[in-house]
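Asks: If you want the building blocks of each chain, they are given just below.
4 protein chains.
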Amino acid sequence: MNTFGKAFRITTFGESHGKAIGVTIDGCPAGVQFDLEEIQNELDRRKPGQSKITTQRKEADSVDVLSGVFEGVTTGTPIGLLIWNQDQRSKDYSHIKDVFRPSHADYTYHAKYGNRDYRGGGRSSARETAARVAGGAVAKQFLNSLGIKFNAYVSEVGDIKVSDDYTTLDFAEVEKNIVRCPDAEKAEAMIELIDQVRKDRDTIGGIVSCVISGVPAGLGEPVFDRLNAELGKAMLSINACKGFEYGSGFAGTKLRGSTHNDAFYADDAGKIRTKTNLSGGIQGGISNGEDIYFRTAFKPVATIMVDQDSIDKDGNEATVSGKGRHDPCVVPRAVPIVEAMSALTIADMVIRAKGNRLDQILDK
Amino acid sequence: MNTFGKAFRITTFGESHGKAIGVTIDGCPAGVQFDLEEIQNELDRRKPGQSKITTQRKEADSVDVLSGVFEGVTTGTPIGLLIWNQDQRSKDYSHIKDVFRPSHADYTYHAKYGNRDYRGGGRSSARETAARVAGGAVAKQFLNSLGIKFNAYVSEVGDIKVSDDYTTLDFAEVEKNIVRCPDAEKAEAMIELIDQVRKDRDTIGGIVSCVISGVPAGLGEPVFDRLNAELGKAMLSINACKGFEYGSGFAGTKLRGSTHNDAFYADDAGKIRTKTNLSGGIQGGISNGEDIYFRTAFKPVATIMVDQDSIDKDGNEATVSGKGRHDPCVVPRAVPIVEAMSALTIADMVIRAKGNRLDQILDK
Amino acid sequence: MNTFGKAFRITTFGESHGKAIGVTIDGCPAGVQFDLEEIQNELDRRKPGQSKITTQRKEADSVDVLSGVFEGVTTGTPIGLLIWNQDQRSKDYSHIKDVFRPSHADYTYHAKYGNRDYRGGGRSSARETAARVAGGAVAKQFLNSLGIKFNAYVSEVGDIKVSDDYTTLDFAEVEKNIVRCPDAEKAEAMIELIDQVRKDRDTIGGIVSCVISGVPAGLGEPVFDRLNAELGKAMLSINACKGFEYGSGFAGTKLRGSTHNDAFYADDAGKIRTKTNLSGGIQGGISNGEDIYFRTAFKPVATIMVDQDSIDKDGNEATVSGKGRHDPCVVPRAVPIVEAMSALTIADMVIRAKGNRLDQILDK
Amino acid sequence: MNTFGKAFRITTFGESHGKAIGVTIDGCPAGVQFDLEEIQNELDRRKPGQSKITTQRKEADSVDVLSGVFEGVTTGTPIGLLIWNQDQRSKDYSHIKDVFRPSHADYTYHAKYGNRDYRGGGRSSARETAARVAGGAVAKQFLNSLGIKFNAYVSEVGDIKVSDDYTTLDFAEVEKNIVRCPDAEKAEAMIELIDQVRKDRDTIGGIVSCVISGVPAGLGEPVFDRLNAELGKAMLSINACKGFEYGSGFAGTKLRGSTHNDAFYADDAGKIRTKTNLSGGIQGGISNGEDIYFRTAFKPVATIMVDQDSIDKDGNEATVSGKGRHDPCVVPRAVPIVEAMSALTIADMVIRAKGNRLDQILDK
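Residue numbers (the UniProt record's numbering), protein chains in the order written: chain E, 1 to 364; chain U, 1 to 364; chain H, 1 to 364; chain L, 1 to 364.
The hints are all genuine.
Treat identical chains as interchangeable: a pair holds within one or across any two.
Derived pair list, reagent style PhoX-like, types lysine-lysine, alpha-carbon separation capped at 25 Å:
hint, residue 1, residue 2
1, K313, K275
2, K275, K323
3, K19, K97
4, K58, K199
Keep in mind that the hints were calculated from the coordinates and are not lab data.
The shape of chain E in the complex, shown without the other chains:
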């Protein structure tokens, strides 16, 4: 459904071409400093029309705060955020009213709901993720006050990839180029490739990696609500996401245990650490205090600017051709979405975990 999280949760609504989209943030602790500018900044990182390699469609995506904040601080009551839709152009979409676009959700929504808002994909449009970014920005503000930081970045576009060792990357680079890649040289190549794909009226996929630092040990709720399982669900709930791996991931399956195990040691401060981090900061479904590291796969955008064969809802053959303005590659705009869903997942786990240890409860 449209609620994510159990203790720190968001509920979203809104279609691509409806009046507005919105998010209600419930369970955010009282007393968090609320920085609206910071939320708008996150929305700007996601919004369309931000560069030549994204869709040229324009949306201001300016956010309205309707509740839950008083005198600049959260009150512990639900925070209502609203984003009005501006650029709708419904006429652009009339041509796909009854046709199922290949690898879009047109057919499955038709099969599930019987009727649908076909304008721009309606609820299945990635426009919905703007509400997630707004909610995630609030989660970030809560978590930043705990010293937890999020660094997502584009690590692959097509065949171009950055180093697998994230410790060699400079996250300060990410916002310095339009593809959000921490390697300036690779960024250039990625932008060139995406631009070529766009000229070919085609699209291409890529990978967004994410590093979360400052996460205390002890987050995650085994056996089912493991931190990695909740992060995986969060990422796979994002449009176009086809895969999730953390730590050594799929490549780790080829290793032997003697190579894969992360040896423990106590640092000078006596803090328990691991010498390597193939575990990606999570062991037994619980954070171990190391950086959390994972990768998410995004397929090429389904809307391409060339004619494709398809059928309509009565099974008649039809031709579909992308109209309007679309992204040749989704990953640059997916970076803030990955961070938002990560922040929402960690925030939920913090609230759930800080309440479930007796000695800590008694401390209060």
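With the hints as your guide, set chains U, H and L onto chain E.
Replies: Leaving out everything else, chains U, H and L in the frame of chain E:
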């Protein structure tokens, strides 16, 4: 926590060396034919000591039905299943009472809970998955009555892999070899590799793929409870699982949209189908009626038979060495677990979409 | 938290003096005819300033539809409804910034959250119930298509009460008088009493009864989510509600089983019915097809127009006196709220039992 | 369904005449001293055959601990508790295989599930509450470590009632008489009445009141999960419970606000208190630190020892007569059940609340 699913749900309990493990299945429709032998058969596929390439530890894993079934049929009330623990050998584990085994959950459970049952990993042991398999076997019986079938198999061990095109594989082969690989030749090589790894007192990882057939279009609850997101969470909640991808997965990120899109067509019966299935049977988070196809990555087992450096809970250096009897490779036994978690996920989605009474579900 | 329901659910936000209040309705089946006028009509029944026996505060409470409806029909996606706040008069409330008003939530919100929006009670204000009424109005539209009807009414104000036998009452009378009592004569007396109480600058409590007809047998999810338990929670979640009883309720405890049991019979159509209905339409936590009947107790409004002793947040003595415009008796405006929460509860149970697609629900 | 609670939760299973009933307690903090004798003691207060005014049926109700406890302390993992069924006498029940007993759940279970375990009411039997008492006993042990205490007692049987002012009652009396009434004289009269009713082969209802002391201010999760709403749901989920009221309850509706309001004051220790407690310890859905006080109505047991007219599942007329051994009045055995459900509700709220305030999280 220890409940999985919203409408068709299981709640499990039990430690590796406690008295027993168990599962309560809640939300199973009334009127499902209950086949205890079939449940036991699934448990036997998971149980230790089944072949030379699994741990030699012995557990009968025979299951007791305590409630929810009357005159051979489910009643719609919770089904309580119990599995007594037999082979405990606590003495084997005293040596790791205060030591954190590398890449195990010893440290994270210590960090989260303060105290833990250290015997055999306690709750973090893969023994817990037996309860999932028992619950999943009930979900399978419900879903089989709807014509939904599950085929998981070992597709990779180390560098040995079967064809990426699952339609060329013979699932009838899977139970004919001890590694549960549908390619007899590759199975031989995998067994040899695992046996060599075992002799090296080491371990190795692998990949379990899964094909679910007969799933009707329309299952999945966007925007957050997408079918792929729930499947991903289910798989990532399994011990040692490091990654999940469906359809084209990570490889699909390298393709262009024009190649990646699945074209629709109407078959002779007028049913809407896709010519290719890079979507893996799921579009927009909802099943489209094609086979559901996904892959899950399992890391090498953390327990190896050689000495490893580690520390104890006070930060003192210590040496850990695997004792007892452990799996050199987990994937052969992971196959029924992957099927069980798949069945539980699909069953939950069926009930959420179609309600909780079998005769009415069958009517549709 | 701020979400009610599991399968058909609402999430609300908004403070008494914030910018707006809103509700997101999730899980409403696709294909329900959406009648905005009907929703506005329900809000008008709840809104302030509607008669001389309610607060004279003015709020238009006009509702905006932001999503989830397309071409006059629900799409199965979340329905976002927004109500802007107009009449705020924040200055009216500055005097209670640091003082805890007797029997209000000022102190408990302070104790729980540390900081609060003190203006008009903020989130603890009954203003929040407008969002429930909007959501409940959508649930009603869904349930009316199943033939389920809701009749709530004022059965007691102070010592004035209508007949305990609801079958003797004329529900058509309810909207014909400002106190919403089905007995015209009693209505007169109630109005007089409330008017006298208002002149005394005091307040008084009352009871709202509710009859739900057309509910099919089989709704309710034992053992914990019994229909009566969920209805009870729904009512007790309404501001000022102090009690809930269904069927024979508290009075039934004085009876003997031989008098209390409802005898079964088969009517001419062969439908299984009960001769009496002390069960209130619910047996074993599941609807039995008879009218569902329950009563809810509402305490006198805490805000009175006379001086009261209290303390401020530092423990200093202080005097509180009601300012602004308040309700001398809450029950006339509580009637639509009771109906809304009833509709939300029944809608949730219908979806849980029968699934989430209207045409399939109607098939049954 | 069969899970109660969100953060501290129990999941139960088991039919009256199945092999066993059980409960899984999930979310209990690690480090709670586990006293099995205390759990057994609670079960003994509920078990049948304990006195001449309860059913003479015998059940040992001895509890088995299967998991979640290590070296006498909880580990934070799920606690599995099992109670084997002994005294089944299935033959006693064959006569009601196809007949619907008046005011039992036979018909509604038939209508909902299509088939049912008719032996002794199957899942709808009050036997199920033994699992709740076992789970509640664990919640009590957790809460006792926080200084929270539960005192439930029989306040009314038929027309015999104790003082409405619970502060005048001596809770030490409760376990000194078989009806569990804190007023020795009234206890005598109640026992006499119940005994007379039993001789008449009839049954009678009553009221169980409950006082919870030591509850800190701040528990409860508005707007829907108010503490009073969750307590109400908990009580109404108990078999035969027809009503719930807290604080002034239904009687309070007759009062005026000037009489009903609880004035605040600061005690010598500077703690904020109220001079009266018509609020029942809960304001705005959140505990205010005063005693929590509520009353629950229980109908007369449906099984009476005289012939009653009814019908079978085909609509044919039939005669039903109570066989076996049943309770003439349920309230003496309901006392520990009310305490158990209260403890489960408060425990859930403690876990949920201790995690949702930023300054407290930062304190750790």
